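Trainee: For what it's worth, my numbering labels the leading residue of the sequence shown as 1, then goes sequentially.
Check before you lean on any hint, since a few could be wrong.
Claimed, not checked - Quick list of simulated restraints, FRET-style, between CB atoms:
id	residue 1	residue 2	range
1	Glu-121	Glu-55	32 to 42 Å
2	Ala-201	Gly-111	15 to 25 Å
3	Ala-32	Pro-220	12 to 22 Å
4	Leu-149	Asp-188	13 to 23 Å
5	Thr-236	Gln-28	25 to 35 Å
6	Gly-143	Asp-188	26 to 36 Å
7	Asp-232	Ala-112	40 to 50 Å
8	Ala-51	Gly-222	23 to 33 Å
9	Gly-111	Thr-236	20 to 30 Å
If you are wondering where the hints come from, they were derived from the structure by calculation, not from laboratory data.
None of the values given here were measured: they were computed from a predicted structure.
Idealized CB from N, CA, C, for every residue including glycine.
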Amino acid sequence: MWSFLIVALLGCPKAGQSEALRFRNELQQIDARWTLRGELGLEGAVEPLRALWAERPDHPEVSWRLVRLKIAEGLTEDDPTDALRRFAEGRALGMACLTGDEGFLLRWRQGAFSDAVGSLEASRRICLGWTALAWVRWMQLQGPEAAALDLEAIDALLGGAIDPQLDGTAVWARGLLLAIRPVWAGRDLQAAHKLLQRAIAHRPAELPQRVDWLQLTVEPLGDPAQIASARDAVLTREARTPEDRRAQERLRP
């Protein structure tokens, strides 16, 4: 009996390590498929992600990838109503990631959302930038004046995002938010212009950030030479993903 218990106890760490390794391998496969979404389409690229979600629905490494998917789906929708729904789904998935931390949920219920974000466990902070981006995209379509009550929550999410100086997703969301928020709430096109440039530098091959930069800051600021150059930079680049192709379509007459 004792020998059986010893073998069982010694075997547990190895089993746990094997499970962790399998999970990491599955995430790598998911990310590899994601890079092929230009050829596979979004649905074809995310089959492994949906399978892992069914198995690990509360894991933050699964959650933020699901939010990323919903943002991509929203960016590729032709109908604004459908896009709004996709972004809302992304926001809901992101918030589910955050509320998986019981401490966060408790502080939020006490009415201190910014304090809840500040106390969020480290493993879930990766969801902050993606949740904020989905929320800002939703607000952009809903209308920033109508959604002004969301500003405080989004600001709190971005304030807690993993090092905003390095996280391209949080920088993108912050720049987008500064460009679309109401004037009375601190719209700043110059600051948005710089932040979206940084978002482009973080992921130079992606086109949606370039279109945001062009349409939300370059065109309103009114530099004809920069407008023409920015348009050419989008239209002459290879569209590698469904989001890229839709971004180019947004610029064509």
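Trainee: Using the C-beta atoms of Glu-121 and Glu-55, is the stated range 32 to 42 Å upheld?
Mentor: violated, 21 Å
Trainee: Given the range 26 to 36 Å, decide if the beta-carbon distance of Gly-143 to Asp-188 lies inside it.
Mentor: violated, 19 Å
Trainee: Using the Cβ atoms, figure out if Asp-232 sits within 40 to 50 Å of Ala-112.
Mentor: holds, 48 Å
Trainee: Falls inside 13 to 23 Å, the C-beta gap from Leu-149 to Asp-188?
Mentor: The hint (13 to 23 Å, Cβ to Cβ) holds, given that Leu-149 and Asp-188 are roughly 20 Å apart.
Trainee: Do the beta carbons of Gly-111 and Thr-236 sit within 20 to 30 Å of each other?
Mentor: Given a distance of about 51 Å, which is not inside 20 to 30 Å, the answer is violated.
Trainee: Between the beta carbons of Ala-32 and Pro-220, is the distance compatible with 12 to 22 Å?
Mentor: violated, 39 Å
Trainee: Holds or violated: 23 to 33 Å for the Cβ distance of Ala-51 and Gly-222?
Mentor: With a Cβ separation near 49 Å, Ala-51 and Gly-222 fall outside 23 to 33 Å, so the hint is violated.
Trainee: Honestly, do Ala-201 and Gly-111 meet the 15 to 25 Å range at C-beta?
Mentor: violated, 38 Å
Trainee: Can the suggested window of 25 to 35 Å be confirmed for the beta-carbon pair Thr-236 and Gln-28?
Mentor: Given about 33 Å between the Cβ atoms, the range holds.
The structure does not agree with the numbered hints 1, 2, 3, 6, 8, 9 stated previously, though it agrees with the rest.
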